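Chemist: Go ahead and model the full structure; you've got the sequences and the hints to work with.
There are 2 protein chains.
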Amino acid sequence: MTHPLLDLAPLSAAHFASIEDRVARLLRTEQDVVVMQGEALLPLEGAIRATAGPGTTALNVITGPYGQTFGDWLRDCGATVVDLTVPFHTAVTAEQVRGALAEHPEIDFVSLVHAEAATGNTNPVAEIGEAVRAHGALFYLDAVASIGAEPVLPDAWGVDLCVIGAQKAMGGPAGVSAVSVSERAWARMAANLRAPRRSYLSLLDWKERWIDGGRTALLHAPAQLEMLALEACLERIEAVGPDAVMARHASAAAATRAGALALGGGLEPYVREAADAAPVATTLRAPAGTTAADLVARALAADPALPLAAGGGALAKEMIRVNHYGPDATPGAVRAALTALGAVLAEEGLTVDVAAALRAAGKAWR
Amino acid sequence: MTHPLLDLAPLSAAHFASIEDRVARLLRTEQDVVVMQGEALLPLEGAIRATAGPGTTALNVITGPYGQTFGDWLRDCGATVVDLTVPFHTAVTAEQVRGALAEHPEIDFVSLVHAEAATGNTNPVAEIGEAVRAHGALFYLDAVASIGAEPVLPDAWGVDLCVIGAQKAMGGPAGVSAVSVSERAWARMAANLRAPRRSYLSLLDWKERWIDGGRTALLHAPAQLEMLALEACLERIEAVGPDAVMARHASAAAATRAGALALGGGLEPYVREAADAAPVATTLRAPAGTTAADLVARALAADPALPLAAGGGALAKEMIRVNHYGPDATPGAVRAALTALGAVLAEEGLTVDVAAALRAAGKAWR
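Chains P and U, in that order, are what the protein sequence lines are. Residue numbers for the first sequence follow the UniProt record's numbering, so the first one is 1 and each next one is one higher. Residue numbers for the second sequence follow the UniProt record's numbering, so the first one is 1 and each next one is one higher.
Calculated from the structure, these hints are not laboratory results. In this text, all values refer to a predicted model and were calculated from it rather than measured experimentally. Ideal placement from N, C-alpha and C gives every residue a C-beta, glycine not left out. Incorrect hints may have been included.
As the list claims (entries may be wrong) - Output of the computed footprint for chain P on chain U, the stretches with three or more beta carbons under 8 Å from beta carbons of chain P: (1) 194 to 207; (2) 216 to 227.
Claimed, not checked - Have a look at the derived ranges for each label pair, beta carbon to beta carbon: (3) P:Arg28 x U:Pro10: 52 to 60 Å; (4) P:Asp212 x U:Lys317: 20 to 28 Å; (5) U:Arg272 x P:Glu30: 49 to 57 Å; (6) P:Arg133 x U:Gln68: 40 to 48 Å; (7) P:Ala346 x U:Thr2: 32 to 40 Å; (8) U:Glu235 x P:Ala9: 20 to 28 Å; (9) P:Asp243 x U:Thr2: 19 to 27 Å; (10) U:Arg272 x P:Pro4: 36 to 44 Å; (11) P:Gly55 x U:Arg133: 43 to 51 Å; (12) U:Lys317 x P:Gly214: 21 to 29 Å; (13) U:Leu300 x P:Gly214: 18 to 26 Å; (14) P:Gly214 x U:Gln68: 18 to 26 Å; (15) U:Arg25 x P:Gly136: 53 to 61 Å; (16) U:Gln68 x P:Thr85: 28 to 36 Å.
Modeler: What follows is the structure, given as structure tokens:
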């Protein structure tokens, strides 16, 4: 009757709180950290619905699909939304954010995705945070695809709501996620009559019934296995050091980019500047005359374990994603991806040099 | 670097769908079943917010704390709520429901908790379902504490929204949960402009993007470990047969009730009629002059593994809960609970007969 995933002793409130504290250490934050019992979409949505309302003017930076989703939620809350959209092959600059803030002084909320695995870019949060802080707006950051792959420092950067999930560079579970909340973000929520209360979406419920109660009684039975997996991945990151995990991701991105360029056949990095490319995943532009989704499907048919995906929606035609994160942030995974892409491009009659790609990748691995 | 809870191959859409189908078989339903990625509160809240609005008149049956929560959500949605509250030491009758429906012919939604572990009662859903169907209202049932402990038959009973969780009698995980949805419930949601859409709370999102798409692509990364645990507990129930699992719970309830009566010392079943007592958990009334929370705390101090808890909130003074569900629906757990209660009552100077209690419990085990 025993099964490794069943009949575990209940997760205590103290144990749950200790996992939250571990997340806080990873984020080097003194803010409250709440581990939410759902995928990262839960705190991402919960944080927007808690803080935004008809009185809000939000600057919503769109560098990929998640930025679009945040704009939808903000409008749904009744907020006035100023969209700042940049091409997905680049990153937003602090200068662009400063410009938007100067043009719309009424902005009191800024939403930004740190890195988007779906488009492969990463944004300069530290500089943007300075601009947002100078303006006085609340700063909301989606760090799901950056945490573990590059530094995420809510306190140093003045982030008021920083959402993370463990399923990408942390190599952890997707079923629970976390948000750090500044004092002024809590105050904004408390003053927002439309903030979800007595709701699965509610951050305020966790503030009032969990944090303010000294974290002694959980609101409901937790997703225990996902919590234990989150703890295990935090332990693993602590054991080797977050810097080593981030270096692995930076190397994987550099190696993939260098390898793709050396491979030839018309394959190109999708994000034009290396500085704008996310360490979590590298996006590539399929050569003219080929279709990214077809190339990826053929590569995966040969080896389903490859960390490859086509871009989502309209990007499926032109974008190849190399998801070199978590357990795939390794030289082996990068080499396998480059070799497979070389094979399918050669089948298309394109001239590729797999050996050169692997040499370049090896050299770029720091 | 390997850990049993980390770096699993992703859960495929087909695998996810197969787990939903297994839940449907357990419920013997032809309705759509959605496994939601959160604790049962997620589909419980999501189903109410999706179907209720300012045009709704809801009959909300309150037989414990969950009924009170549902009333709060219904009012929050703008519904007119008719509360039908019965004392927590009893169950609601179909006659009472028929009376309320006759008195308020405008009722178009009925919410009911099948069994409440927190109060220990169970309600006659089959009979109530007949009355609700005859009236034409949508029927919403919280079967989290009944599934696995007693029959839950949404199709046979005309339940339009039946929510279950695996963490009680199923002996499974708490981090995912499920809801079966009838065609007319989907239609009610689709017509409800205020139903959550593009939201973690949204059932319609799963209808439109998962079910209607042939269940080929998940909306987001699932809580994989909780899903695998749900599958494992369903497999275990199928292996011994749901009837055997339900019989174990019925026996545990009968044995606890008989044992408590035979124990003496003034201990009494909280739910007065055995027919109204839930098979999932047995609530007991602490003897006059004692405090339930103190008795339970002392028993747990001696053995933290005992399936004992005090009642919640105002019930902490008078109610002892024996949570003989899942892995604790065994003669051993019932005997341990009775023995421990006998010991703490004896410490209070009360006259108890533990041997008689254990004999009565053994005899009542069917």
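Chemist: Hint by hint, which ones does the structure fall short of?
Modeler: The structure conflicts with hints 3 and 16, although it agrees with all the remaining ones.
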